[in-house]
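Here the protein sequences line up with chains A and B, keeping their order. The first sequence begins at 96 in the working numbering and counts up one residue at a time. The second sequence begins at 10 in the working numbering and counts up one residue at a time.
Just so you know, these hints were derived from the structure itself, not from any lab. Here a beta-carbon is modelled for each residue, glycine too, at the ideal position from N, C-alpha and C. Check the hints yourself; a few may be wrong.
[Claimed, not checked] Cβ pair distances, simulated, as ranges:
#, chain 1, residue 1, chain 2, residue 2, range
1, A, L292, B, V128, 38 to 44 Å
2, A, L292, B, N176, 17 to 23 Å
3, A, D160, B, N176, 30 to 36 Å
4, B, N176, A, E353, 54 to 60 Å
5, A, G347, B, G126, 50 to 56 Å
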Amino acid sequence: MWSGLGPEMSVVRADLGELIAFGYEIEEHPLLGVAYRGPAHRLCPDQIEHELATKVIGRRIAVWDRVGSTNDLALRAAASRANEGLVVLAESQTQGRGRRGRSWSAPHGTSILMSILIFPAEPLTLLDRLTAVGAVAVAEVVEEWIRAKAQIKWPNDVRIHGKKVAGILVEVDRTGGVVIGIGLNVNVTSTDLPEELRDTTTSLQDLTGTLVDRSEVARALIHRLDYWYTQGLHPDSDQLGEAWKLRSEHVGHLVRVELEEGSICGRVVDIDLKAGLLLEEEATGATRRIPSVMIRSLSPQKLVEVVDPGC
Amino acid sequence: MSEETPKQPVPVDVRAIHQLVRLMKRYDVTAMDIDEGGNKIRLRRRGPELPSGSYVVNAPIAPVAQLAPSLTAPGLTASAPAPAPAAVPTGSVIESPMVGTYYSASSPDLPPFVSVGSVIRADSTVCVIEAMKVFTDIPAGVAGTVIEILVKSGQSVEFGQPLLRVNPA
Numbered sequence: 096m097w098s099g100l101g102p103e104m105s106v107v108r109a110d111l112g113e114l115i116a117f118g119y120e121i122e123e124h125p126l127l128g129v130a131y132r133g134p135a136h137r138l139c140p141d142q143i144e145h146e147l148a149t150k151v152i153g154r155r156i157a158v159w160d161r162v163g164s165t166n167d168l169a170l171r172a173a174a175s176r177a178n179e180g181l182v183v184l185a186e187s188q189t190q191g192r193g194r195r196g197r198s199w200s201a202p203h204g205t206s207i208l209m210s211i212l213i214f215p216a217e218p219l220t221l222l223d224r225l226t227a228v229g230a231v232a233v234a235e236v237v238e239e240w241i242r243a244k245a246q247i248k249w250p251n252d253v254r255i256h257g258k259k260v261a262g263i264l265v266e267v268d269r270t271g272g273v274v275i276g277i278g279l280n281v282n283v284t285s286t287d288l289p290e291e292l293r294d295t296t297t298s299l300q301d302l303t304g305t306l307v308d309r310s311e312v313a314r315a316l317i318h319r320l321d322y323w324y325t326q327g328l329h330p331d332s333d334q335l336g337e338a339w340k341l342r343s344e345h346v347g348h349l350v351r352v353e354l355e356e357g358s359i360c361g362r363v364v365d366i367d368l369k370a371g372l373l374l375e376e377e378a379t380g381a382t383r384r385i386p387s388v389m390i391r392s393l394s395p396q397k398l399v400e401v402v403d404p405g406c
Numbered sequence: 010m011s012e013e014t015p016k017q018p019v020p021v022d023v024r025a026i027h028q029l030v031r032l033m034k035r036y037d038v039t040a041m042d043i044d045e046g047g048n049k050i051r052l053r054r055r056g057p058e059l060p061s062g063s064y065v066v067n068a069p070i071a072p073v074a075q076l077a078p079s080l081t082a083p084g085l086t087a088s089a090p091a092p093a094p095a096a097v098p099t100g101s102v103i104e105s106p107m108v109g110t111y112y113s114a115s116s117p118d119l120p121p122f123v124s125v126g127s128v129i130r131a132d133s134t135v136c137v138i139e140a141m142k143v144f145t146d147i148p149a150g151v152a153g154t155v156i157e158i159l160v161k162s163g164q165s166v167e168f169g170q171p172l173l174r175v176n177p178a
């Protein structure tokens, strides 16, 4: 087997040695040769970058072992527009941010913690779309792996059957740089999670039952983000809004919306990135349009729990 | 969601106009005409040192309304009020460039970006405003000393709402 390669053999041997050293599972047999048995447990920059062919996102990829927060690193790079398309990945982060006040953490090497840096024209007029770019891209990638529909909880959590698989945090820098930070649970098992999160959180491994190649997931994510950034941000295109609405878990369901003046309960008649929510109020039956920026938070309400006096 | 039939002009979102005005300020654009879906919007501003009040908005009153040009001529309505509001002793005010939730720090366990007495530069971040889970750093736009903070962390703010009062350097 090996001798058939002639003088090339030593080169192939050396390459294989490097793959094994990196952590790819490669089985060797003295007679049958070698076989690929599984992905490395680490993120592999070469695997992610190989023939990536994206337009903007992924022009530079940096994989870190442990960082404070990938968003912070990407924001630091926003000082130069030359860094547009930078992708920062980390095996773990010590100061990952979720929604304000909550931290986002995961066991080392189990998730995709990714931040991308872009410079869209006029970030402030695009807030709604920037939010959706991350949510839709993640939802599509999750769907590709689990072969089932992913849902988006307003405005940008990705959930499967009501369990969160990914969270997104977007930050706009003063220079006009925008960082989309994504935390996607990949090979996180329920034993890795704190007790209080087990009922509300899931992961790709949970959903597929197999160990998932994170580098491949990262590649797919970069592809979808690049697609939506280059195609979907255009104000005349409603493709992104459609993709977002299609996956919204709220249409037709009861929700409670927190506004500054208080909260209201109602059934979501329509949801639109630009126009906001169309809500049929539970109390009055009146239909009311609520602009997205007015909504501080939105939570799904189960029918049996509508006894809440706040409603 | 019927983008196929743009016969009827869509009502203009006031916030969209606010954003346009802000962008004009930011990039020092003095004039802008927009004709979209039957709505004509004409925005004019005089100069960077006169932040607001100097633009004229011709929002769609009725589909037919193509207001006489003289009405919207640049400067006409704008120059009517006294141009110099005579040095306000209370310092200059930093206004919110957008609608959202105001946060004084980038994380609850971090110290606020600024507090009363802080010396800031024009490019200092003074707060973060969140809308639809997008967190936007707000630059001071003016150098000086913070003399008053007018909003509380976590509070909703409107476009143009005063956030801080600054004694310009």
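Hints, verified against the model:
1. A/L292 with B/V128: 38 to 44 Å: holds, 43 Å
2. A/L292 with B/N176: 17 to 23 Å: Once the Cβ atoms are compared, 47 Å apart, the range 17 to 23 Å for B/N176 and A/L292 is violated.
3. A/D160 with B/N176: 30 to 36 Å: At roughly 46 Å between Cβ atoms, B/N176 and A/D160 fall outside 30 to 36 Å, so the hint is violated.
4. B/N176 with A/E353: 54 to 60 Å: violated, 36 Å
5. A/G347 with B/G126: 50 to 56 Å: holds, 53 Å
Going down the numbered hints, you'll see the structure goes against 2, 3, 4, while the others check out.
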